[in-house]
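Asker: Protein sequence lines, in the order shown, are assigned to chains D and C.
So the first sequence is residues 1 to 654, counted in this note's numbering.
So the second sequence is residues 1001 to 1284, counted in this note's numbering.
Be aware that one or more of the hints could be misleading.
[As the list claims (entries may be wrong)] Quick partial rundown of chain D residues pointing at chain C, CB under 7 Å, derived from the structure:
1) Lys404
2) Asp409
3) Ile416
4) Ala417
5) Pro419
6) Arg421
7) Asn619
8) Arg620
9) Asp639
10) Lys640
For the record, the hints were derived by calculation from the structure and aren't laboratory data.
We put the beta carbon where it would ideally sit given N, CA and C, even for glycine.
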Amino acid sequence: MRKCILVLMLAVPFAMSGQIVVDAPLSDRLTGYDINAVLNPESHIVSGSMSAWWVNNSSQPVAEAMMHMYLNAFSSNKTSFSSGGRWTASGDEGWGWVKIRTMTDDEGNDLSGSMNYVSPDDGNEDDRTVLRLDLPEPVEPGDTLKLMITFDSRLPSPIVRTGYADDFFFVAQWFPKFGVYETAGMRQREADGWNCHQFHPHSEFYANHSVYNVSVTLPDEYVAGSGGKLIEEIDLGNNLKKVVWRAEDIVDFAWTAWPEYKVLTRKWKNVDITLLTSEKGLSKADAQFEAVMYALEYLGEKVGPYPWPHLTFVDPPIIGAGSGGMEYTTLFTSMGGGVVPSFLKISEMVTIHEFGHAYFMGIMASNEFEEPWLDEGINSYWEQRIVDHYYGNGYGLLRLSFLKISDTDQGRLGYIASPSRSVSTNDLPSWMYPHNTYSMMSYNKAATWLHTLEGIIGTATMDDVFREYYRRWSFRHPSGQDFIAVVNDVVRKEHGDSFGENMNWFFDQVLYGNGICDYRLSGITVKKIRSYSGVIDGDSVTYTSSDRKSDTLYLSRVSIERIGEVTLPLEILIGFDNGDEVMETWDGKGSYKDFEYTGTRQAVWAKIDPLDKLDLDVNRINNSWAEKPKHPASRRMMDKLVFYMQMLISIFTI
Amino acid sequence: MKLFETLKKGAVAAASSYKLILLIWATTMVSAIAVGYPLKSFLNIIFGNSMAMERFTDGFDIGLAGDIGRPLGGLMAAVSAGTLLYSFIGLLIMTFFAGGLFRRFTMSWGGLTVSEFLKASANNFIPFLKLALIMMLVIGAFTFIIIGLPVIIIMAVSGRNMPGGTSLYPLWAVWALGMPVWIFVADASRRWIAATGSRKTFRAIGAGFRALKEKFWLSYGTVLVVVLINSAFIAIAFWYAITKTPDRGIMIFLFFLFTQLLVILRLFMKAWRYASVCEAGSSR
Ligand SMILES: [Zn+2]
Chain D
1 MRKCILVLML AVPFAMSGQI VVDAPLSDRL TGYDINAVLN PESHIVSGSM SAWWVNNSSQ
61 PVAEAMMHMY LNAFSSNKTS FSSGGRWTAS GDEGWGWVKI RTMTDDEGND LSGSMNYVSP
121 DDGNEDDRTV LRLDLPEPVE PGDTLKLMIT FDSRLPSPIV RTGYADDFFF VAQWFPKFGV
181 YETAGMRQRE ADGWNCHQFH PHSEFYANHS VYNVSVTLPD EYVAGSGGKL IEEIDLGNNL
241 KKVVWRAEDI VDFAWTAWPE YKVLTRKWKN VDITLLTSEK GLSKADAQFE AVMYALEYLG
301 EKVGPYPWPH LTFVDPPIIG AGSGGMEYTT LFTSMGGGVV PSFLKISEMV TIHEFGHAYF
361 MGIMASNEFE EPWLDEGINS YWEQRIVDHY YGNGYGLLRL SFLKISDTDQ GRLGYIASPS
421 RSVSTNDLPS WMYPHNTYSM MSYNKAATWL HTLEGIIGTA TMDDVFREYY RRWSFRHPSG
481 QDFIAVVNDV VRKEHGDSFG ENMNWFFDQV LYGNGICDYR LSGITVKKIR SYSGVIDGDS
541 VTYTSSDRKS DTLYLSRVSI ERIGEVTLPL EILIGFDNGD EVMETWDGKG SYKDFEYTGT
601 RQAVWAKIDP LDKLDLDVNR INNSWAEKPK HPASRRMMDK LVFYMQMLIS IFTI
Chain C
1001 MKLFETLKKG AVAAASSYKL ILLIWATTMV SAIAVGYPLK SFLNIIFGNS MAMERFTDGF
1061 DIGLAGDIGR PLGGLMAAVS AGTLLYSFIG LLIMTFFAGG LFRRFTMSWG GLTVSEFLKA
1121 SANNFIPFLK LALIMMLVIG AFTFIIIGLP VIIIMAVSGR NMPGGTSLYP LWAVWALGMP
1181 VWIFVADASR RWIAATGSRK TFRAIGAGFR ALKEKFWLSY GTVLVVVLIN SAFIAIAFWY
1241 AITKTPDRGI MIFLFFLFTQ LLVILRLFMK AWRYASVCEA GSSR
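If we strip away everything but chain D, and leave its shape as in the complex, we get:
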């Protein structure tokens, strides 16, 4: 049945389903958009005429269509997006909206009467970000719904991902866009239906891989860029030009225009990379290209190939900073505009992160509304690996001779330092996280337990997990359960049942649970053994403390306690006074564990998780214990403080 639908689908005779960008279709291409748009910089309105199509790949007729009308989130301060106070317009000119002027099907039937705004998530009647279209006739399995829509999109200000500031335009979430029609079984869904959520202050997006043919007419002093491949730029006279792009198999199409963009290009293997930046940002251009190439190399090697031959990224100027740090697969925006000092790798980090989204929800197109950890968490995890691998010897974010932090620890810090770290489980839809914990949970906590998973199963297995994830789920829509199934299969294949039947015990605690992980080395006690006597294996044994010191026996006990709810397998490294080091393991399940050693040596120090595999442990200070710990750093810090204070008073007191 599915096969026959696929054949039907591929037979759809649309000019747009041909190949211009990639050699063969990468995805099912169930949706596509042909848009002719005109930008009016004065009114900041983009007027478009669009032909959009959707293929019914289910086995049932479908009588309605659902579309995202994202820009309406900016239409008042009563929408679900802005009512939380995250955004408000900068004056009357700042409100944004999208209005459908006309809508017909491909036979010319007027559909504008069958449009209704719905609010499936929260019932907010003032929210008009989801449009339901009751079709006059159902779309039969294998058939294609084709809509002709003319619309006006007024861009908001200030910019939140999308919008304008003066003559800077970042045009995203700007056209009526299909939701995803999910069939039963897909993402563990019980029945077929549309997945089309409202636009929330903390939510991102979800869409089918699509083909886009977009042309934009705008004043010719503007420099424009998009996630599409540039097909042509036509001079229309009257100081106007038309830019034509095509994109294949991407989940969203955004574009930007600003007269002052500087355009730079580089090539990495077969990928043409374009950077749009500002005059100020030019100083950072080399570092930006380097960062994106690091990410291309690392993810290409460890996850799977980057399949598009083009990539555009933007380092927005300060006025357009609100558009920074966002991803549209073959287009993404960095941050910093050239003003971040070079020892701080923030811009590079953002570039690597946003590029990484080309994989984690660009290629593996997960549902960002419902499972934000699946894109932001996984992508932060990879961003941190890349940043710490290429920069600063493991301290990728900041590495000075006196101050350092790794990107991984930066993410971990966001989680462990949050007072609300246990407020909810980690599997909530993006808009359901309480107490402003969306970012902490979706980015920081999820990345932290992914590092912990890597620590447990090993880096090589972790890489294989992602290669398999890519192999199974590229250009499809995986769920969290689907990801876990990949983990379970790969771990079982490579490690048998050494971690148990599957890894569900791990995800139950970190993803579906809200407990914290904290182990403590409570101390070491050493007792001199005076004497003993008794019977061992039928032989009577006596021992009397020797006079010679080297023969004296000691009983050393290393004590560990579990303070948190989460249980993880642990390694413990124990050091003895004769220089011996012993590595022990513990399943971490009980509330305490003692390791005992009898012999002439005495245990003097011990460390839980000496290789820092368990990033999830919220307190690393209580992970080690030494009889006489050396704290040279505190002396040095005091000496420095004394020096700084003496120098400062000599300076400011004339």
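Given the coordinates of chain D, work out where chain C with the ligand should sit on it, guided by the hints.
Answerer: Coordinates of chain C with the ligand only, in the frame set by chain D:
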């Protein structure tokens, strides 16, 4: 030539007051350690028997900040409060000893015994404190007019964010060229108080300006040269102290000795400025 002569005489005068300068240094060190030592103990208590401070071996690892948790807030508050407290103590100490140093440098010959030095310091303390506060206020106002005001105007006119980096360099250059004037006036005023024994602060400032007017180029040049050398020295000293991260007992001890040596040198160089200004004022 006269400039060089002045600087040389100033240097000789400063060097021959080494006992006084060592006394000042010892006072600053003891009081700074009194503030710094509890902070070290606080940090050691936080870490207890933990070996985690190993992570600070080659520089402060911010990644551990979250693990320290709540006590970190207390530690930061204690450092801030300690620094503030020490700034206040330091102002009193430095003002006090400046009184003795200026007395020493305005004497036509010979030195001061330590008790004479302390007595002179005490005598000049109140007028010097008033003068220091007034001149710090003046320099603050000067900085605001040269840097702060233009920035505010630029921001208001353009409606943009703060102008950054290189665009402010010319303003800072003007500021740097203006600073020796205020420093000279402050020093010359104190010289006047020390030499005349008067306690009238505003008359002293008037005398400072007159001294500047009388021999402007010599006065300005002397202070400019000394301040430039001092600034370069301070920059190098801070660079050294910030970037070096000794991690073993003996190396940390040597680091302590060396940074204290830098403080002594800095105190000498400041005394050199005082002495040179006094020389510039007295030379005919
Ligand atoms: Zn992201």
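Asker: So, for every hint listed, does it hold in this structure?
Answerer: Each hint tested on the structure:
1. Lys404: holds, 5 Å
2. Asp409: Since the shortest Cβ distance to chain C is 3 Å, the answer is holds.
3. Ile416: holds, 4 Å
4. Ala417: holds, 4 Å
5. Pro419: This hint is violated: D:Pro419 lies away from chain C, its Cβ roughly 10 Å from the closest one there, beyond 7 Å.
6. Arg421: violated, 10 Å
7. Asn619: holds, 5 Å
8. Arg620: Since the shortest Cβ distance to chain C is 5 Å, the answer is holds.
9. Asp639: At about 4 Å, which falls below the 7 Å cut-off, the nearest Cβ of chain C leaves the hint on D:Asp639 intact, so it holds.
10. Lys640: With a minimum Cβ separation of about 6 Å from chain C (threshold 7 Å), the hint on D:Lys640 holds.
Comparing the model with each numbered hint stated earlier shows that hints 5 and 6 do not hold.
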